[in-house]
Structures are given as C-alpha cells and as structure tokens.
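Using the sequences and the hints, build the whole thing.
Just so you know, the protein sequences line up as chains A and B, in that order.
Read in order, the letters of the first sequence are residues 1 to 531 in this note's numbering.
Read in order, the letters of the second sequence are residues 1 to 369 in this note's numbering.
No wet-lab data here; the hints were simulated from the structure.
Virtual Cβ for every residue (Gly too), placed ideally from N, Cα, C.
Each hint should be verified, as a subset may be incorrect.
Said to hold, decoys possible - Simulated pairs of lysine-lysine, DSSO-like, Cα-Cα distance not exceeding 27 Å: (1) K481/A / K7/B; (2) K167/A / K424/A; (3) K527/A / K517/A; (4) K462/A / K495/A; (5) K222/B / K122/A; (6) K479/A / K527/A; (7) K527/A / K442/A; (8) K366/A / K7/B; (9) K527/A / K495/A; (10) K495/A / K479/A; (11) K517/A / K462/A; (12) K481/A / K442/A; (13) K118/B / K122/A; (14) K7/B / K424/A; (15) K366/A / K462/A; (16) K424/A / K366/A; (17) K222/B / K495/A; (18) K366/A / K122/A; (19) K462/A / K479/A; (20) K7/B / K167/A; (21) K424/A / K479/A.
Claimed, not checked - For each label pair, taking beta carbons as the anchor points, the in silico distance ranges come out as: (22) R140/B / V425/A: 21 to 29 Å; (23) P214/A / Q11/B: 35 to 43 Å; (24) K7/B / D434/A: 22 to 30 Å; (25) Y37/B / D115/A: 30 to 38 Å; (26) Q11/B / T171/A: 17 to 25 Å.
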Amino acid sequence: EDSLVHRSTWTLRYPSLEEPHISPHHLSFIIILTISHCKTTKQNRYPNPSRQDKRDLMFVVSSLRSALSLGSISSRSLAKSSLLSSLTRSARSYAQVLDSIPKPGDEHYGVKHPDYDKFLSKRGRLYGPSAIRALQPLVSSPGMISLGGGMPNPDLFPFAGLQLRLKSGETIDVDETLLRQALQYSPSDGLPELRDFLLNFQAFYHGHPQDVSPPRAVCVTNGSQDGIAKAMEMFLDEDDSLLLENPTYSGTLAALRPLQCNLVGVATDHEGLDPAHLRSILESWPQEKKKPKVLYLIPTGQNPSGSSLSDRRRMDVYFLAREHDLLILEDDPYFFLQFADWSERYLSLMSLDVDGRVIRFDSFSKVISGGMRLGWVTGPKTLVDRIQFQEQATNLHASGLSQAVLLSLIDHWGAERLHEHLDKVANAYRERRDLCVRLSEKYLTGLAEWRVPQAGMFLWYKIPGVEDTDKLIMEEALKNKVLMVPGGAFNPEGKATSYVRAAFSTASEQDMEEAIKRFAGLLRTEKDRKR
Amino acid sequence: MEGSDIKVALQYSNSYGLPGFREWIRTRQALDHRPPYASDAEWNVCVTSGSQHGLHKAFSMLLDEGDTIFVEDPTYPGALASLRPLHVNIVGVSMDEDGMRADQLDRLLEVHRAHRPKCVYLIPTGQNPTGCTMSTERRRAILEVAHRHRILILEDDPYFNLYYGRSLSSESAEGFTIARRPQSFFELDQHHIVLRFDSLSKVLSSGLRLGWVTGPSFLVEKLQLHQQASCLHASGLSQGVALAILNQWGSAGWSEHVRLAAEFYRARRDLIVRLADKHLSGLVEYTVPAAGMFLWIRLTHVADSRALILQEAVSARVLMVPGALFQVNGQSPSSFVRASFSLATEAEMDTALQRVADLLRAHQQRCAQ
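See below:
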C-alpha cells in the first residue's frame with residue numbers, strides 16, 4: 001500500500017441556479033466522493049496519501065457548510081448528525097449517507113464535455129503537427145538508419161557538465177544523460193521526465209478526476225505568460241468576446257491587444273470575480289453578437305487586486321461555466337503564495353473540473369526563478385496538444401537548460417522538500433504582507449483604503465477623492481521618489497481608476513516604510529491641494 | 001556563474017536580452033557584418049528563444065491576413081508552419097544553384113502587385129533543405145529587386161558559421177582555411193530593409209534556445225514589444241550560461257570555435273559526397289553544398305519520393321526526408337530527398353547510402369517491368 005497514491009474524484013452536484021432564490025425545502029445536493037487507488041510512477045514522489053484525503057474531506061466539509069447555510073433546518077440537522085460524523089469514517093459509508101439525501105433529476109448534473117473544436121479560432125485551427133515529426137515513429141523501426149533529422153551534432157557543444165550550488169550549501173551534479181538531452185532539441189511539450197513529474201504534481205495538489213475523457217495533459221512553456229498568449233491566440237478571433245476580471249493582469253492585456261477581440265470586464269470585489277455580474281452579462285447577451293465562450297481569471301492573489309476568489313464563488317463560477325458552456329483559463333501563478341494553512345487554502349478551479357473545461361496555467365516564476373522561464377499548461381489533451389503545436393512553430397520548446405536545472409533540483413529535494421520549500425516561500429510572503437499591512441495602517445489610515453490579501457504579492461490601494469491615479473503617479477509620485485503602478489494599466493478598457501498597486505515582494509523593511517511614508521505625504525499634499 | 005551574474009539570470013530581465021549578452025551580440029555583429037548604418041543607434045538587436053521564435057514574431061509583426069510573403073521553394077518547413085495560421089499568401093520562388101532567382105522574384109512581385117507584398121524570407125547560407133548558398137552577387141540582385149518593390153527581407157542565417165566553401169578537401173593541397181564567405185544581406189543592406197536572424201543552435205547548443213534578431217531599431221523595438229507580451233524574454237539561465245562561456249573564450253576563442261565547427265561539418269560533407277559517389281552514381285543527382293548539414297538529392301527515376309520513402313523506408317531500413325515536405329505546395333510530387341550529414345557515423349552513412357542504392361535499383365527494375 002506504500003506505493004499507492006490516492007486520487008479522489010468528486011462530482012459536485014449543486015443546487016439548481018435556475019431558481020435564483022433557493023428554497024430551503026428544495027435544497028438538495030449530492031456530493032459523491034470516490035477515492036480510487038492507482039499506482040504511482042516508479043519514482044513514487046508522493047508519500048503520505050492521507051494528506052490528500054484530509055484535504056479532500058476538508059473541501060467537502062467547507063462546501064457542505066456554505067451550501068448548508070442556505071439549507072433547511074431539517075437538512076442541516078440531518079447533515080450535521082449523519083453526514084459530518086461519517087466524514088471521519090471511510091469514504092464508502094460516507095457516500096451511502098449522501099445517497100439518502102433527496103436529489104433532483106440526475107441528468108441535469110451529468111458531466112458536460114465541451115465540444116472543443118467549436119472553441120478554436122481561425123488561427124488556432126491552422127496550427128498542426130509537424131510533418132517531419134510525423135516521420136519519428138519510423139526512426140525507431142528495428143535496424144533503421146536515419147539521415148532524416150535536422151539536428152546539429154552535439155560534439156560541437158562545448159559543455160561537458162553542469163553543477164548547481166544551492167543556498168543551503170549543497171551541490172548538485174546534473175546527470176550527464178539529462179544534460180545531453182537538455183542541450184539538444186527536445187520535445188515541444190517538455191522533457192518527458194519533467195512532463196511526467198508535473199502530471200503527478202498536479203494530481204497531488206489538485207486531485208485527478210477519474211475516467212476523464214480526453215485525459216489530462218501537460219505542456220511546458222516559456223513561462224506561463226507564453227502559454228496564456230498561445231491559448232488566447234488559439235481561441236479568439238477578432239469578432240470574439242473574452243470575459244475577464246476588471247481589473248486584470250496588464251501582461252495579459254498586452255498579449256490580447258494584437259488579437260483585437262472584444263474584452264468584457266466582469267466586476268470584482270474583495271472576494272474576486274462577482275458571479276452575479278458574470279451571470280447577468282451572459283444572460284443579457286445580445287442575440288446578434290457572438291456569445292463569449294472563454295473566461296480568463298486569476299483566482300488566487302490576483303494581480304493587481306490581491307483578491308482571491310472564495311470557495312463558494314469558485315463553485316458558482318464553475319457552475320456558470322457549465323451552464324453557458326464556457327472554457328475557463330485559470331491563470332494561477334500565486335497559488336503557492338497562499339498565506340493560510342495548507343488545509344485551509346483555496347482549491348483550484350481545475351480540481352472542480354469534471355467536464356474538462358478548465359485550462360490551467362502554472363508557473364515556477366515566483367517560487368523557483370522567474371528568469372528561467374518555466375511554466376506549464378494543464379488541461380484536456382485535445383487542447384493542450386494544440387498549445388504544443390504552437391510551441392513547435394515558435395520557440396520549439398522551453399529552454400532545455402532551465403528544464404534540466406529544475407528537474408535536478410526536484411530530484412535532489414524529493415516531493416517532501418519541495419513541499420517544504422513551497423511552505424517557506426508562502427511564509428516569507430506572508431511576513432511581507434503583514435509588514436506592508438502594518439505600515440499601511442500606520443501611515444495611510446484616512447488617506448487610502450485597502451483589503452488584506454490572502455495570497456500573492458500585491459496590495460491594491462483605493463485613493464478616495466482621486467479619479468485618475470495615472471496622473472497622480474506620473475506627476476507626483478516620481479517627484480516624491482516613490483513608485484507604484486496606477487490602476488489604469490490593469491483596466492481592460494484602459495480607463496483611469498482610483499487605484500494604485502503596490503508590490504511587497506522585494507523591498508526591504510526600511511525601504512517599504514520609507515516608500516509608504518512618502519506615499520502618505522504625497523496623498524496628504526493631494527488632499528490639501530483639493531481642499 | 002556566480003554572484004550577481006546568477007542573480008540577474010534567475011530574475012525577470014529585459015525583453016531585449018541580458019545587457020551583457022546583448023553587448024556581446026552587438027560586438028559580434030559589428031565584426032561579422034560591418035553594419036551599413038551611420039550610427040549604432042540606428043540598428044538594434046533582440047535576444048529570442050531560438051531564431052525560429054524571432055521569425056515567428058517577425059511574421060506576426062509584419063503580416064496581416066491577405067498579405068503576400070515570398071519564400072524560396074523549397075524552404076524550411078518550420079517557417080511554413082509559422083506562416084500558415086496567419087492566412088497570408090505564400091508565394092514560392094524557384095531556385096537555381098545560386099539560390100533564389102532574382103529574375104523570378106522580380107516577375108512574381110509584378111504578378112502579385114495587388115496582393116500587398118510585404119517581404120521575402122530566405123535562408124542564404126547552407127539552405128534547409130537544398131544546402132544552397134547564395135553568392136554575394138546574387139544577394140545584391142535580390143536586394144535590388146526587394147528595394148525597388150519596397151519590400152523587406154528576412155534573412156534567416158542559422159548556418160552562417162557552418163560555411164566551409166565548395167571545394168572538397170581532396171581538391172586543396174594546403175590545410176583547410178575557411179573560404180571567403182559571401183557577404184550577408186545585413187552587411188549589404190544600404191537601404192535598411194533587412195531583418196537578420198542568427199542562432200546559437202548549431203554551434204553552441206540547440207537546447208538552450210538562443211537566437212537574436214538584428215535590424216533597423218524601429219522594427220526590432222516592435223518585435224521586442226511582441227516578446228514582452230508573450231514569453232517576456234528568452235531564458236535568463238540560458239543567456240547567462242552562454243555569456244559565461246562566450247566571455248571566457250573572448251573573440252579569439254569564438255573564432256577558433258566556429259572554425260572548428262566549420263571544419264567539422266566540412267569533413268562530414270566530404271564524407272557523404274564520397275559515399276554518394278561510391279554508391280549512387282547514375283542513380284541520383286546533387287550539388288555539393290558549401291555550408292550547413294544537408295545534401296539535397298534528386299532521385300533521377302523517381303517522380304514522387306514521398307511515396308517511395310513512406311512505403312519502402314521501413315523495409316529498406318533507411319530514412320531521409322521526402323522533398324514534398326519542404327515545398328510551398330506540399331501536395332505536388334517531388335523527386336528530391338533531404339539527407340542530413342550531421343549525426344551519422346561513417347559506417348552508418350556507408351550502410352545508409354548502400355541501402356538507398358539498393359532501394360533505387362529495385363524501384364527502377366519494378367518500373368521497367
């Protein structure tokens with residue numbers, strides 16, 4: 001049993017949103033939790049299966065709790081008495097208990113696979129597999145000699161070996177075979193060993209829906225930004241509309257501009273994207289206009305607002321996506337920069353994805369190195385394969401050196417130490433968040449408003465009385481020698497806003513204090529000036 | 001690599017490339033091409049994740065739907081793969097032993113005058129797949145045509161440092177020195193219409209994904225903006241590692257390394273030509289390449305090499321790439337195959353070409369029947 005890794009599946013059956021006011025007496029929901037066992041890869045990177053179980057059950061409990069807040073007293077007491085107590089027993093008996101709760105017609109809650117083909121843009125359709133690569137299978141025929149490939153001869157590559165020195169003082173000698181692989185052209189979806197590791201990694205941290213068709217696949221990209229830019233190109237024609245948060249990451253806006261599609265900003269608040277607004281946009285969409293089919297969001301520690309989509313809202317958003325047949329592009333580079341305890345953290349949209357409609361973008365930029373340009377896309381194989389075709393026609397593959405260095409580090413650390421490192425990183429950012437919030441309270445009370453972020457590296461200040469922070473920053477901030485990013489850069493329409501983004505990732509304690517002091521001085525002057 | 005070097009490489013960096021690396025590139029370009037610009041500020045370089053990446057960015061930057069681009073026919077399939085999603089007219093220009101024909105380009109530019117011709121894409125040294133290298137005279141002719149029709153030139157030159165000249169080692173008494181390389185389009189570019197794409201893939205490492213684009217500052221800036229919005233910048237680690245070794249070598253070390261590389265590929269070229277003569281006389285035709293790693297072989301009695309390869313390759317146990325895969329129109333038959341001489345050992349090459357000969361003779365017999 002030591003070699004087994006638990007993977008869990010659950011199908012979330014949610015109260016019908018067709019009735020906007022959920023009648024407590026009609027509340028019914030079923031959560032089916034199936035824990036299935038499957039073998040790990042030879043490397044057995046993930047010990048301690050019960051950690052995953054615990055997290056699964058915590059998720060079920062918290063979703064139960066939020067759903068129950070709408071439920072009838074009788075449901076609640078039924079749930080509390082038999083359901084919650086049975087959580088501590090095996091999953092099977094738990095499922096039996098759940099079966100006893102009345103449920104609506106099953107067909108409404110069945111899995112709804114999107115028809116991926118209809119989501120592709122004109123351009124997206126024209127990326128195809130390389131014809132020369134199609135000859136690859138012939139190369140491995142017995143006795144075959146190939147003068148086919150266009151690879152350069154590695155005898156000319158001057159590198160013999162690679163050694164890494166860690167801050168801990170340890171040294172790692174990069175495996176020679178791995179280095180050889182890394183220095184030559186390699187597969188467009190990533191070095192096979194890294195790709196396999198990442199599939200396991202995703203299964204551990206996000207669960208893995210059983211019997212999903214098409215299966216889940218991973219493609220390594222040149223930073224997650226590369227994957228996002230490619231996905232945008234793959235789905236959006238000029239007459240398409242993209243749903244996205246307002247505000248959102250300026251880098252994505254830059255990647256979208258050349259596509260010239262319509263950007264539809266969805267309102268956000270301190271809990272992230274507002275599902276009610278999303279629903280109203282979709283329901284009131286004019287018939288003549290091409291209906292939006294893709295939603296892009298940054299659900300954890302969002303850049304720039306720092307907000308994180310609550311668990312309840314994640315389910316709402318996913319359910320809306322099912323209802324309106326949307327694909328969800330989940331951009332989640334700050335997922336491991338969450339400040340809560342692991343068992344309290346937000347779960348990804350991908351972990352809810354029973355339909356295969358979520359494409360997830362992960363990054364090692366914040367936790368290992370931004371300069372190495374390593375990110376990866378996870379999603380339904382049909383779609384991830386197409387990202388791979390785009391890689392083939394552009395950068396060919398992410399830097400082999402970066403991949404080899406990462407693999408060597410992970411091999412050296414093992415899953416446990418990697419997990420510890422992720423812990424360390426989150427702790428460090430939490431301390432910085434605490435510092436930044438403390439200093440903000442000390443100097444900016446009465447001058448600016450903000451919410452405390454639960455993840456990431458940004459604080460999003462609202463400056464009451466200032467309509468256009470662009471002007472404020474560009475003129476006054478530089479004079480006062482403090483720099484923050486005006487909110488207009490993150491607005492899908494480029495409109496001016498009252499917001500300003502501060503990052504607490506790199507400044508030292510003294511610098512942060514000085515910066516916030518100067519910012520306070522600037523705001524006070526502005527306030528006085530207005531009076 | 002240590003200290004601030006490694007720190008800089010591991011953090012987000014400039015989309016144009018790491019400053020030290022860019023400096024090295026600029027120095028290199030000045031030495032190799034004597035850029036015909038009045039001041040250094042008028043031309044710029046941008047590091048990309050391989051030259052293919054730079055090419056893709058340039059295509060996206062320059063071409064709208066319905067624009068026309070002229071390419072050699074046959075050409076590098078990676079470029080065609082990058083161009084097809086852009087919905088542009090891809091017009092193939094025929095080649096002779098000196099590369100793309102200037103008269104054909106001129107004529108086709110006239111023919112397509114109403115279809116918004118924008119640029120011509122070519123691989124002037126050791127072309128993939130034909131192995132062709134354009135002479136300086138032909139390059140001047142193409143430049144003149146392009147300038148007259150007001151289009152840009154995209155010079156894709158990954159085999160620039162693998163130029164060794166036509167003459168076989170058997171033909172020269174003295175030791176090997178690099179024959180006088182033709183001048184690059186970039187060097188001849190009086191009118192500033194050339195964007196040049198270089199690569200470290202063949203001489204330093206292909207897995208590092210390092211290339212750079214050089215050209216008029218305005219165009220390079222646009223390309224860099226495109227990179228900013230997609231992958232941010234080429235891997236800092238790759239750049240840092242490359243720079244470390246390039247700095248250690250210095251200019252003399254680099255020159256020596258590329259000389260070795262050219263000699264290495266020249267020896268292999270000589271080998272495959274000797275073996276081709278030995279096994280395939282009378283069965284095929286080819287031109288001796290002066291650069292790169294490919295031999296472009298015409299199978300004299302075969303109308304469609306693709307059918308032959310795909311059907312016979314497994315049983316014949318020899319693989320080469322059918323010429324049709326390099327054509328602008330992938331459907332029309334081609335008598336050509338591309339053989340690469342970069343990796344195979346002498347024994348493998350010998351056996352491979354023997355098998356090709358057997359394959360062709362068997363095919364000839366079948367046709368005769």
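Structure-based check of each hint:
no., hint, in the structure
1, K481/A / K7/B, "holds (26 Å)"
2, K167/A / K424/A, "holds (14 Å)"
3, K527/A / K517/A, "holds (15 Å)"
4, K462/A / K495/A, "holds (15 Å)"
5, K222/B / K122/A, "holds (24 Å)"
6, K479/A / K527/A, "holds (16 Å)"
7, K527/A / K442/A, "holds (18 Å)"
8, K366/A / K7/B, "holds (14 Å)"
9, K527/A / K495/A, "holds (22 Å)"
10, K495/A / K479/A, "holds (24 Å)"
11, K517/A / K462/A, "holds (16 Å)"
12, K481/A / K442/A, "holds (20 Å)"
13, K118/B / K122/A, "holds (22 Å)"
14, K7/B / K424/A, "holds (19 Å)"
15, K366/A / K462/A, "holds (26 Å)"
16, K424/A / K366/A, "holds (12 Å)"
17, K222/B / K495/A, "holds (24 Å)"
18, K366/A / K122/A, "violated (34 Å)"
19, K462/A / K479/A, "holds (20 Å)"
20, K7/B / K167/A, "holds (12 Å)"
21, K424/A / K479/A, "violated (37 Å)"
22, R140/B / V425/A: 21 to 29 Å, "violated (57 Å)"
23, P214/A / Q11/B: 35 to 43 Å, "holds (37 Å)"
24, K7/B / D434/A: 22 to 30 Å, "holds (26 Å)"
25, Y37/B / D115/A: 30 to 38 Å, "violated (53 Å)"
26, Q11/B / T171/A: 17 to 25 Å, "holds (22 Å)"
Hint compliance for this structure: hints 18, 21, 22, 25 are broken, all remaining hints hold.
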